[in-house]
Amino acid sequence: MHTGFLTIYWRDMIRFVRFRTLLISSLVQPALWMAFFGIAMSANFDRLGAGIPIVPGSIQVPYLTFMGAGVIAMTTLFTSLFGGIVLLFDKNWGLMREILASPLPRNHIILGIGLSGMTKSFIQAFIIIGFGLLIGVGFFAGFAPVDTIIALLGVMLFVAVFSLGFLFFSAAISISMETPEGLQGIITLLTMPIFFASNALYPVSAFPVFLQELSKWNPLTHLINGIRYFAIGDEFYSIGVHYSQTPADIFLSFSVLVGFAVSMFLVAWWRFRVAVVT
Amino acid sequence: MAEDGNIIEVKDLFHAYGDVQAVDGISFAVRKGEIFSFLGPNGAGKSTAINVLTTLQRLQKGEAMVAGFDVSKESQKVRESIGIVFQEVTLDRDMTVWEILEFHGRLYSMGREERRTRIEELLELVELASKRDVLTKHLSGGMKRRLEIARGLMTRPIVLFLDEPTIGLDPQTRIRMWGYIQEVNRQGTTIFLTTHYMDEADQLSDRICIMDRGRIIARGRSWELKNTLGQDLIYLETSDNDEAERILGSVPDVKSIGRKSKGLLVMITADGTHLLPVLIERLREKHIGIVTVNLKKPSMDDVFVHYTGREIRDESQEKQSTAPGRK
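Sequence order for the protein chains is A and B.
Letter 218 of the first sequence, counting from 1, is numbered 218 in this note's numbering, and no numbers are missing.
Letter 26 of the second sequence, counting from 1, is numbered 26 in this note's numbering, and no numbers are missing.
FYI, nobody ran anything at the bench for these hints, they're computed from the structure.
Even for Gly, the Cβ is constructed at its ideal location relative to N, Cα and C.
Check the hints yourself; a few may be wrong.
[Said to hold, decoys possible] Here are the computed lysine-lysine pairs in the PhoX-like style, where the Cα-Cα straight-line distance is at most 25 Å:
no. : chain 1 : residue 1 : chain 2 : residue 2
1   : B       : Lys77     : A       : Lys91
2   : B       : Lys131    : B       : Lys77
3   : B       : Lys297    : B       : Lys226
4   : B       : Lys137    : A       : Lys91
[To be verified] Restraint ranges, calculated between C-beta atoms of paired labels, are given here:
no. : chain 1 : residue 1 : chain 2 : residue 2 : range
5   : A       : Gly94     : B       : Glu281    : 26 to 34 Å
6   : A       : Thr188    : B       : Glu124    : 44 to 52 Å
7   : B       : Glu34     : A       : Gly259    : 53 to 61 Å
8   : B       : Lys296    : A       : His2      : 32 to 40 Å
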């Protein structure tokens, strides 16, 4: 098997650890979200939700735990959307010419960038989970050690497929754009609807119908479904809303993410095949 | 069409960007083991030609073979056989010298052992062994260029393409760079280079193609090109240039006479040190006053002016002013 994508991966990881400020900020930022937004919001939501009658025998999940999954998803989304920007810098600084003039198949460039972005998302997800557990996020509550490992693997699987989808998307845009500003514009435009038309921070059940429809097609919603299923459980109450996921629901969410990743890969591949960099 | 001993063969190559015909039907061959150069002003089509030959741009029209492979049909094979040093510096500022070469070797699927020995060899060759772990942003301009040449040689290419290899370098560094290029060539790598420096083409290459506006307007060895202008050149400013031109035109050893803004450029086929007094005597007889006289050997600049009617420097001006520290 051709392992050219590992070369691209190797180089991108060198850069990741070499740019100290970028490295540190990307690690600290998700923890800050949890610390400030999470604690502030959970104080409010839990106070509001205190009056809602509790169904006997059900598992109540505090808001901090609920949104912990959302913060993992959000961080993965942002990191992945910007993950391809390195290709744009390579292109503008002439570095892409070396790669495009080499015999390396172009889909390996996409794979390599996808893999390194995925690694970064894993690292961030672990930081959020670790830091979250410290400040009281109730992930893996009552899980046996084996269940915890399975749950972690499940979360990683969802994060992996989701991040690859958006990394391929980001790579496709980056190789087609001329300036980082243009890329930034597109990404900023997209993050808003993707992030807020999802169940990251609040339940979607109170949304207007069209927003609910939108959120059903939103990959972010499916990622969050997966994370909550594995990290919290298949059935729980939070903010007075009942959440229940069957394995079939989760399989569907996973399939949506796989479909998204595959189609984004094909788009990126097409953009790379026609890319001319001189 | 491949002929023995030719590394590159190009036939009727055309390339256009929209309405602009960047390469307008060129044909040439590069022989194994030689240093071959494309000389011409910026915008002559040199880089476009090199981009097509190195498969960075799709071949639009014509035929091109590199290292025995068809550029349009076997681009993968071509890529495996060539090395490239681009016009602009294309080094990642935040990678070390060693990492740059390692990355390149991996891109071309070289084995670990082979990469290691090759990197050592090349760092010796370009005298960067002591800079192995230095980030490229801390290297001088000349070192960066040397590293790029080493990178271009990493995969032991059959032919190395150098696009304006000494652009932006100071005169001493340029001369050292020529030394490295000649050494690489001596070790058996065919070199294809583009340049807009006359002296670079002149001193470095075995054969030169002069390009202008997408076409090859002259080709040959450096001395052959200069000889087309005659053995010596005499520049004269006189009190009556028209009359002087008529008189000198009838002298047997005068090959041709060109008009300059203030004077005449006389190409002669004899030794100028002997012919010049004769010419001056002829003009004196007709009472034509001589303001300035200059005798010189034809240079590549003169060759270029002869073929294009313009100085190459005029068109390089813009680029020179944006690249400080260059001659």
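Find the hints from earlier in the document that the structure breaks and name them by number, from lowest to highest. Going through the list in order, the structure violates hints 2, 5 and 8 and respects the others.
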